[in-house]
Structure formats: C-alpha cells, structure tokens
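These protein sequences, in sequence, are chains D and B. The first sequence runs 1 to 541 under this note's numbering. The second sequence runs 1 to 541 under this note's numbering.
Misleading hints may appear alongside valid ones.
Note: identical chains are not told apart, hence a pair may lie in one copy or across any two.
[As the list claims (entries may be wrong)] With a cut-off of at most 25 Å between alpha-carbon atoms, the simulated DMTMM-like pairs for lysine to aspartate or glutamate come out as follows:
| no. | residue 1 | residue 2 |
| --- | --- | --- |
| 1 | 501 | 445 |
| 2 | 103 | 445 |
| 3 | 103 | 525 |
| 4 | 103 | 421 |
| 5 | 283 | 40 |
| 6 | 501 | 491 |
| 7 | 245 | 435 |
| 8 | 249 | 266 |
| 9 | 423 | 407 |
Keep in mind that the hints were calculated from the coordinates and are not lab data. All of these numbers come straight from a predicted model, not from anything done at the bench.
There are 2 protein chains.
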Amino acid sequence: MAKNLQITPLGGLGEIGKNMTVYEYGRNMIAIDCGVMFPENDMYGIDLVLPDFNYVVENQDMLRGIVLTHGHMDHIAALPYLLRQVNAPIYGTRLTLGIVERKLAEAGLLPRADLRIIEQNKPFHLGPFGITPFAVAHSIPDSVGFVIDTPVGAVVHTGDYKLDETPAGGQTTDLESVLRLTQNGVLAMLGDSTNADQPGRTPTEQVVGETLDRLFAEARGQRIIIATFSSVLARLQEIMTLAHKHGRKVILTGRSLVQNVTLASELGYLDVPKGLLVEIGAKIKKEDTLVLSTGSQGEPRSALNRMANGEHPHIQVERGDTIIISGSTIPGNEEDISRMLNKLFERGANVIYGPLATVHVSGHGNRGDMRKMLETVRPQYFIPVHGEARHLHLHAQLAEEAGLPAENVFILHNGARWVTDGKQAWRGEPLAVDDVFVDGRLIGEIGEIVLRDRHRLSQDGFIVALIPVNARRQLVGEPQIISRGFVYLKDADELLAASSKEIKRQYKRGIPHLQQALEDFFYRETHSRPVVLPRFIQVAG
Amino acid sequence: MAKNLQITPLGGLGEIGKNMTVYEYGRNMIAIDCGVMFPENDMYGIDLVLPDFNYVVENQDMLRGIVLTHGHMDHIAALPYLLRQVNAPIYGTRLTLGIVERKLAEAGLLPRADLRIIEQNKPFHLGPFGITPFAVAHSIPDSVGFVIDTPVGAVVHTGDYKLDETPAGGQTTDLESVLRLTQNGVLAMLGDSTNADQPGRTPTEQVVGETLDRLFAEARGQRIIIATFSSVLARLQEIMTLAHKHGRKVILTGRSLVQNVTLASELGYLDVPKGLLVEIGAKIKKEDTLVLSTGSQGEPRSALNRMANGEHPHIQVERGDTIIISGSTIPGNEEDISRMLNKLFERGANVIYGPLATVHVSGHGNRGDMRKMLETVRPQYFIPVHGEARHLHLHAQLAEEAGLPAENVFILHNGARWVTDGKQAWRGEPLAVDDVFVDGRLIGEIGEIVLRDRHRLSQDGFIVALIPVNARRQLVGEPQIISRGFVYLKDADELLAASSKEIKRQYKRGIPHLQQALEDFFYRETHSRPVVLPRFIQVAG
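Between the sequences and the hints, there should be enough to build the whole structure, so can you do that?
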C-alpha cells in the first residue's frame, strides 16, 4: 500500500467528490476542499449536509494540509466543522482565504487556524505531493485547479471550471500552464461534471454583459433592481461597471452581498469606481440608481423577496421598475422563485428572468468545454467528479467518445477508493460514509428515523391520546386528546368525540392494539394517517 | 346587470382561470372546465386543490351547463366534487367525455351525470350563449376552444393550445373557423398564457418524432424504455407508430397508461397497429421490445421509478437499455426526477433526458404562437388567463406590443369579475374565493393553521411533556416526555434528563410560562424549535 496513490471522493447528497477529495500516499494525506451541501426539500429541518470526514479525523496524524480550489460554500463551508476536530494548515488563494477567514471568525475558530496563501503557478509541497495551482475561469475570482505531482505520476484536479475565453474581466482557464506542468504526461484527471447533461459550450460571460448593457439602456428613466448570487463576484463586477457606464449609483441590500462586496473590494478583487456605492437611504432620484440585491432564489428572508412582499424596510417596488433576476434556478427553489416573481409583477414591475433574456450563464463548463479539457489534458485515467451519478455517467460517456478506453474511466461513489501504482489502477476497499446532517446544534445526530417521523408529521400531524386508568387498569373518566397538524381541533368536535368512544371500546387490548385500532379509526374517518400515540395515565380513583 | 356579460376566472394555486371560467348573462350561467391543481411541495399532506366553486353552487339554478375544452386533469378532475353539489349537463368532445365518464364512474357519480357530446364547428345553445367549438392543437386529441356568441358580442375562449402546423398526426388549431365564426368582430378573447415567458414559437411535435426515430435507430439491438405522460396521447401515438416502424412490440406498464391507451383506442383516437401491444410477461427478446411506462416525473410509485429502485415486478433495467424520458419537468418534481435518473444510470442504462435531445415539446404555445393568435383574432378586449400572475403580465405586455390599448387589457385575479355591455368593459365586485384543499376525505377543512402546524412539525417535531401533579398542583414524580421528529429519544438521555429538571424548576409558573420556558430551553440546547406542549396530569398522591 505504501507505494500507491489513493484518491477518495467525499461529498453530500449524492454529489460525488464535490465537497472534499482525499489524496493519500504512504502515511501522507491531503484534503482538497471542505464544503457543505444545502438540503433537499424533503430533508425536513436540516440546515446543512456535511461530507463524512470521519476518516480524515481518525487519521489526522497523516494530514499535511487542506487545499482549497475557490471560495464557494460547497468547497469551504465545512471547514468550521472539520477544524473543531483536526488541526491542519489551510492553503488557498488570497480571496478564498479572505472568505474562509470570515467564516472561521464567525465560528470563533480563527485564533487556531493556520491559513497559508498560495498563488497561481507557484508550486508548494505537502509531504510527497508537489502541488501547482493553475487559474480557472469560474464565477468567483481567484479560482484554481491543481496539478498534483505524486511519486507515481501527475494528477490534474480541475476544480469547478469553464473554458470561457472572454470572461468579462475575469481570468481564463490556463490550459497552457497545465500543458507546461505535465510535459511528462498525466496519470489521472478528476474533472468537474456539473453540466454533463448540457450540450455545446457554456456561453461566455460576455453575453450576459451585453444583455445587461442593452437592458440598462432600455430602462433609462426607471429604477433598476438586480438580484444575483452574492458569491458570483464576476457578475457583481460586471454590474458595477455597467452601472457606472450608465450613470447610476449602486445601492446594496442583503447581508451576504454587503459582506462579499466589502471583502472583495478590500482585497482588490472588485474594482468599484469611486463614489459608485451609496447608502441605502441616500437622497438620489430612484431612476438614477441601481439596487443590487440578494434573493435570486426567492429565499424567504432575502432582500428581493421582502420587496416582493412589501416588507423591505427601505425599498418599495413601484410601477415601471425594471427588475432583473441574474441567476439560475437551483433545483428545489422553483416554487419560491415563482411566488416572488408573481408578486413583483403584481406590483407593476417589469421583471426579466430566465428564458426571456440571457441574464445568467453557468460558471461550469458544458459538454463542449469538458470535451476540450479531456482532449487537452489527455489523461491516462479519468475520474469524473463534482456531480450526481447521472452527470458522472454522462461525463464518462464523453471521455470514451474522446478516446479513453472504458476500463480507464472510473465512476466512483463517495468513500470509494481509487488506487494506482502509476502503471495500473484499481478500486480499493471503500470507506463506509454517510451524509452528516446539521440541524441547529445537532451534528450527525439526526438520522433516518427522525426524518421519517418528520415526514409523517408533515403529512398528517399527530394525536396523543391520554387515557386515564386507575391502579387496576380500569378506565376512569374521558380520554384527553392532544393534537397538532391533523385537523383544526375546534372544527372537529364530532370526530374527537367518536375517537373517545373508540378508545373506550378498545382500551382493554393494551397500547399496541389500541394504537392500531385508533390509526384504523382515523383512516376510516378521514383517509389520513396521523402519528397516533395512546398513553395510559394512572390517576386516582 | 341583466344586460351585461360577466366573466369570472377561477382556479387554484395562483393559476388564474385555469381550472374554471364562469360566464354569466342575466340569470344564465355556463362554466367552462372544472379541473384541479396538484399541491406545491410545502402544502404538506394536501392531495389536490380545487377551485372555489361556492358561487356556482349557490347559483346553480342559473347554471345551463358545464362545457369542457379537453380531457386533462386540470380541466376536468374537479367534476366529481362539483357534481356532488350541483346537477347540470356536461358538454365535451367524445374523447373528453370518455375520460370524464371513467372519472365519474370511479366516484360512483355516473348514474346521475348527463353527458352530451359536442363536435367541432357544430354550434350548440345554452340559454343566451351560442357556443361553437373549434379544433386546437394540444397534447391530447379532441381539444377545442370556443367561439361564444353572447347578446353583447362574441368571445373567443382559446383553451389550452399551440399553433403547431405539423402536429405529427394530431389536429392543427383551426384559425380559419375562428375567423369565419367571428366575421362581425370579436368583443373579447381569453387566451392561454402558460408559456408567456418562453420566447419564439413552440417547436413542432414533428421534431420529437424525428428525434425518437433517430434514437430508435441508434438503439437497435437494445431494449428501449420510454416514460411519458399518460395523458399526452399525441406522444403515445407517435411512439407506437415508430415502434411499429422499427419492428418492436410495445409493452405497457403503469395503471394510468394502460387505462388511457385502452380508452383512446376503443374510441378511435389511438391507431394501434394489430399485434403491436403484447402482454408484459410475453416471451419476446427484450431487444425487440419497447416498454412504454409512466414515471416521467419520478413519482415514487410510478412504473419507471420502481424499475429504478429494482422493485418493478416484471422489468429489470439492465446494462445497455436505452431509457428515454419524453416529458417536461413539472416544477417541484426536480429532486424526485434527479434521484430516479441517478439510479437508472447506476444500473447501466443509457438515459436520454432534458436538454440532451429534443424528446419533448410543450403542448402550449410560446410567445410567438400567442402573438399570432392575438393578431389573427384581433379582439377588442383581451384577458390573459391560464397562468400565474407573471404569465398574465407577460402576455398582457405582448398584447400591447401587438397593438391593443393598455386599457383594453384586463389582468384578473381568480374571483375577479370582468363586466361588459358590449361597448365598454369594467371590473365588477369580485367574489371572495380561496383555494380549497383536499386531504383524504377532508375537503376544504384543512386551512392555514393546520398547514402552519404541519410545517413546524416537519422542521423540528414535537414534545409533549406530561407533568404529574396532585390535587394541590404539587409536582409528584417525574415528568414523562412523548416526542417524535425532534431527536432520536434513545440517543438523547441527557437532554431529556435536563429537560425534566427544567420542568421541575419551572412547573409552578403554569402552562403558558412553562411552555415558553421549555421552548427556550430546547432552543438553547439544540437551536431547534419543536412544538412544545406541556400538560398537567392529576394523579393520586
């Protein structure tokens, strides 16, 4: 084993190797990225999903460092959870570490963090790993992929990328450096599969700039409100530049937006023309302003959604306002977004979204980008990562179309271990991993049973039936019903009276039987299946 | 009022005038369509949403008939609920009534139903309304719109439509008849707004046929499985014709699919070549078969999802199978579909979906279709319907671009009343309407309070604390905790012991205070907010 390279993808919610990837050689380990997933709609009450980094914790003596590709939450936001359990230096570019610093400070972990800045094309060494960051085009500046030299060969770890040649002021993906750094060949590539079901090339960010420019011109004489992701700094730069060109002042609303703009301009990653930003209460004619807002996903407490509901403390949407939603729809958010759009239209705004105009492009490469990456890097082995199973399979198909032998393409699960001695490659013994749910302060304590109960409660509520019995288990007095989420009790007198009768008829048969009998009773009466919990209460008498 | 025409849209979930539209003149009323909506993800436990037809029930003496445009559920499936309360003849084309007949039979309402077949271009009269159906292209055969002659002028009610000139064997939208029937001009048009945010023309169904033809050719030697909507009969026809051409036998799986195919072929709306359909267990090589399945939305109990889970009683997905998802993604279903696709890929199938190939086109017209409809009909007044607020506003913008004065375009809410005397038009006093939720046998009894409780239960579960007190309200013994969906109780000994202590410390302050104190306690300890219900139980002692 000591002479082999092992690569283990980790992640949450079926996204393979998105939130973390572990590289090992001998008694040396590095972890690339440390991010979170946001829960799906049916994961009731869950705030975040963490990758299962038990293995990293258990083997922390081997951990030489945590290396970050870029500053998005799915790549960094699990750091506070990991750092409570292990201590290792964190490597990232300047902007990435700026964002990490804020995250760790919020968690009170900054004093113990060891943050080390890395730069494009400057190699650094962690045990046997020689790591050289290379620039990639993505929707946040200072994003990098890595060429990782190992004793058995070079691995290209793309991170999130697209191949945008005109990224509207941002950086391009530096394929020249990749080629220069891998003149002895590439043993393996781990490639971003996010958009593997999207044909063609990802449109350039320039198209968005041109569309916004046109929309800004058309909106002359009207206020403009734009909602976008606060983490898509490239877009924020574009919007600010265009606002300046069109003679508008920019008002920021939304906490994460203000934070990110402040941080990125302090670090020099946002070029904000002097005097462009004004306070939200500033006395400026609204047609001379552009409001930059959070809320492109219709998030209930976001600034734009509060405007839609007429609950924003400073900004009232008015007839004729132009509102632009410059973001994609994250699956699961469709209904929130639809409701918000409806309300904005009802307030008389001219809302531009989705297919009506190209006001957003993805930060990930489509199939055309992936194909070019594969043909440029020409790895001996290919491991599609960053995607759910369908994306990995579609990316694998593409790699085979591009000429890789099928047996050199490895589709892995989280926890699966890819092993190579530089000549051959095979699957090692997988780690047992699980999604780790965060619910408030409970980390990893909420499991399938609790989620199943929550699901059932969400559908039909619950009924606790307290049944007064005396010391001889004889019924004494009326059962008492405690219920929520089933029917509105004040409207259900008859149903409850009938259920009391049923309890009296059935109580002698004991709790398990009584529970079944009551479940049957309520199903017969309502075709609903509330959680039913009878309890005997021993009272005097 | 007696000399005015009044039009009132009804519907559910913010879809305006989709499920029902009421026309009134004097003491005469007709209702067009009678459909349901399916609940959104956060409408916990709700099965269906009905339009609020209280007004129709209260004024059923005026009701001359219920007139149907086509056989989709959002236009017919509320009939069983309405017919329990009113009795009126139901008018529809032959296929539409065939589907209605089955629905009513399931509900045991067929004996009392009065179904009357209507035909394209054959006018019929209901009180002062002269109604002529005209053919429209939509994704189910026998769809019609109506030209409704009223004493104050003609109204064009489009129903669901697109302007597909090559609808792959289906009918085209008969604009010639509309023009012929409205030679004296059109007072008003109610137009389908579903796709008002989709630019261009809706691609023709022919594109889907060509794509499927190509995919079938590529899949030679492999089994093909296609999932589509069982209600999209035009697509089913296409698939059967192509299967026949490619020498494959067709196996049906999924209850609604078998029912619809049986009904439509009995009525002559599906042309199924002799011997094409075979039983699911038939001894045929799988590469010579095409499995036509339900489940394009990843519905948990659908045939395709059961295949994905390896739980289908007859069909096991195998490496190399070609699976085609020939349907759009209905908003809210993204996560179910994704999970199903992942599992199908993991079984080694070659799955073709969404943007990978044009395996589906919409049954509704895009902006280009809408514009042509407006320019052909040239109504004096325009009322966009069938859509949420954003669609209506975008359709209204289009009408104004097409030359209608803004004051002649009316955006209505459900229950709003549009009134005209043939010369002018205005807004009448609106009806108070509400979404009517169906939850099992409970119709209209589940309201906001219960849904709010269900939401809270879904997030953090509940805790009932039973506090034993004696006749003097003194605590006697240990509080008993009943809980579900909060934490897994077996893992939470310490937390529960601490909560018992908190109860003992706080019990003297009475239930309202105790409830607050316990909520605070659990929030402090877990950052969760379960529903907390303390109850004093009087026991001996």
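The hints, checked one at a time:
no., hint, verdict
1, 501 to 445, "between (39 Å within a copy, 22 Å between copies)"
2, 103 to 445, "within (23 Å within a copy, 46 Å between copies)"
3, 103 to 525, "between (52 Å within a copy, 22 Å between copies)"
4, 103 to 421, "neither (38 Å within a copy, 65 Å between copies)"
5, 283 to 40, "neither (42 Å within a copy, 42 Å between copies)"
6, 501 to 491, "within (18 Å within a copy, 36 Å between copies)"
7, 245 to 435, "neither (47 Å within a copy, 47 Å between copies)"
8, 249 to 266, "within (19 Å within a copy, 67 Å between copies)"
9, 423 to 407, "within (13 Å within a copy, 76 Å between copies)"
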